[in-house]
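Please build the complex by placing chains B and C on the supplied structure of chain A, with the hints as guidance.
Chains A, B and C supply the protein sequences, listed in that same order. Residues 1 to 145 in UniProt numbering are what the first sequence lists, from first letter to last. Residues 1 to 145 in UniProt numbering are what the second sequence lists, from first letter to last. Residues 1 to 145 in UniProt numbering are what the third sequence lists, from first letter to last.
The hints are simulated quantities; they were obtained by calculation from the structure and are not laboratory data. Just so you know, not all the hints are guaranteed correct.
Because identical chains cannot be distinguished in the list, a pair is counted as satisfied if it fits within a single copy or across any two copies.
What the hints assert, rightly or not - Below are the EDC-like pairs computed for lysine to aspartate or glutamate, each with C-alpha atoms no more than 20 Å apart in a straight line: (1) K27 <-> D85; (2) K74 <-> E113; (3) K53 <-> E12; (4) K74 <-> E50; (5) K27 <-> E105; (6) K27 <-> E112; (7) K27 <-> E102; (8) K27 <-> E113; (9) K53 <-> D85; (10) K53 <-> E102; (11) K74 <-> E64.
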Amino acid sequence: MTEKSEQAEKTEKVALTPTTHTTPPAKFSHGVRKGNILQVAGQVGFLPAEEGKPPTPAGPTLREQTLQTLANVKAILEEGGASWDDVMMIRVYLTDVDHFAEMNEIYNTYFEEQALTAPPAARTTVYVGLPAGLLIEIDALAVLG
Amino acid sequence: MTEKSEQAEKTEKVALTPTTHTTPPAKFSHGVRKGNILQVAGQVGFLPAEEGKPPTPAGPTLREQTLQTLANVKAILEEGGASWDDVMMIRVYLTDVDHFAEMNEIYNTYFEEQALTAPPAARTTVYVGLPAGLLIEIDALAVLG
Amino acid sequence: MTEKSEQAEKTEKVALTPTTHTTPPAKFSHGVRKGNILQVAGQVGFLPAEEGKPPTPAGPTLREQTLQTLANVKAILEEGGASWDDVMMIRVYLTDVDHFAEMNEIYNTYFEEQALTAPPAARTTVYVGLPAGLLIEIDALAVLG
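The shape of chain A in the complex, shown without the other chains:
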């Protein structure tokens, strides 16, 4: 609690790189926190990074990728001292309108417990192109308090 409050006072920008993630391969951060604002970069369903192995999706299915993507977002939130309870906005990018119902079902089950402790985040879902093999991408904006 005290630790969290102290973090909230900081106004310098801090990169969030959980141990499950590689050092970003490009000039972006997996997440950043500045003061009470925390932004998570677009996450996809890659398994936790392993030295010397290329990024590998958790599996070919929407379920596997959605759950892994949510785990990846969560790792960054926690690295920044936040939890799903602090998340204001979740942006879901799907590649196929026909995936909406299944994603929603997975999403609802995933957030069932979270929704008991704080209102769930707002959300926008749109259908875009993603790199081959990826079915979902998610980013998130959190406000710590």
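Chains B and C in isolation, oriented as in the chain A frame:
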């Protein structure tokens, strides 16, 4: 004014569910406010919710859907003690590049009065897939002050 | 410094219109700042505005458009008293998945120097439709401190 200031002090996350909206069917909020940050979830052109009726678009045209979508965003802003004047960013998702000119015209007329009292929000418009029958989706980020 | 701190205290919303940009043709702002939050609207690769000339892309290539788009975002950040160091999130919209590697290379070179002074921003890249002739659009959220 005093009420608004009091709300601005709150740091707990509050779900915004205007009476025109259903209780969210999934684990997301139509809008959330925490402190002075208010995020509106992606809205589409559904008419105000009626008990026992499925969500129904205001009509098949871009004009009908755009105006209804803007009304839906506005209802959430107001539920959170905000107005269009507080909005920093509006994200417009269209399905068809050919709809841009008409959307812009509707948008400009809609915000003509608002722009007299505060600078209009920043905006990004991109062209994505949306569920069948929906031509526009809009979300918004507001900062109350 | 003192000037920057004073700006940070302001809670009124201010439109950011750099001299390189036209007065917005529609009811949106190229950027807005309110308190310590600065939002840059979706920028594309248009050259600095010239009286009486229509908006003109910097060129047909991804490289030309990416560099011009980044310059346009930067101009708005600076108009609001911010720099890339303050940017939390950069949203990159490409039209073609095959452009990712090249965009990334240009992006990495562009931000090489910035990354020495502060963690680079989080980023989401998705593939959408854009108006004919435009290959990239970028918007950004900054938190000043």
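Cross-check of the supplied hints:
1. K27 <-> D85: between (29 Å within a copy, 12 Å between copies)
2. K74 <-> E113: within (14 Å within a copy, 30 Å between copies)
3. K53 <-> E12: For K53 and E12, the Cα distance exceeds 20 Å both inside one copy (33 Å) and across copies (42 Å).
4. K74 <-> E50: within (19 Å within a copy, 36 Å between copies)
5. K27 <-> E105: Between. Shortest inter-copy distance 10 Å satisfies the 20 Å Cα cut-off; intra-copy 35 Å does not.
6. K27 <-> E112: between (35 Å within a copy, 7 Å between copies)
7. K27 <-> E102: For K27 and E102, only the inter-copy Cα distance (14 Å) is at most 20 Å; the intra-copy one is 34 Å.
8. K27 <-> E113: Between copies only: 10 Å across chains, 35 Å inside a chain, cut-off 20 Å.
9. K53 <-> D85: Close neither inside one copy (33 Å) nor across copies (31 Å); limit 20 Å.
10. K53 <-> E102: neither (30 Å within a copy, 23 Å between copies)
11. K74 <-> E64: within (15 Å within a copy, 37 Å between copies)
Hints 3, 9, 10 from the list above are not met by this structure, while the remaining hints are.
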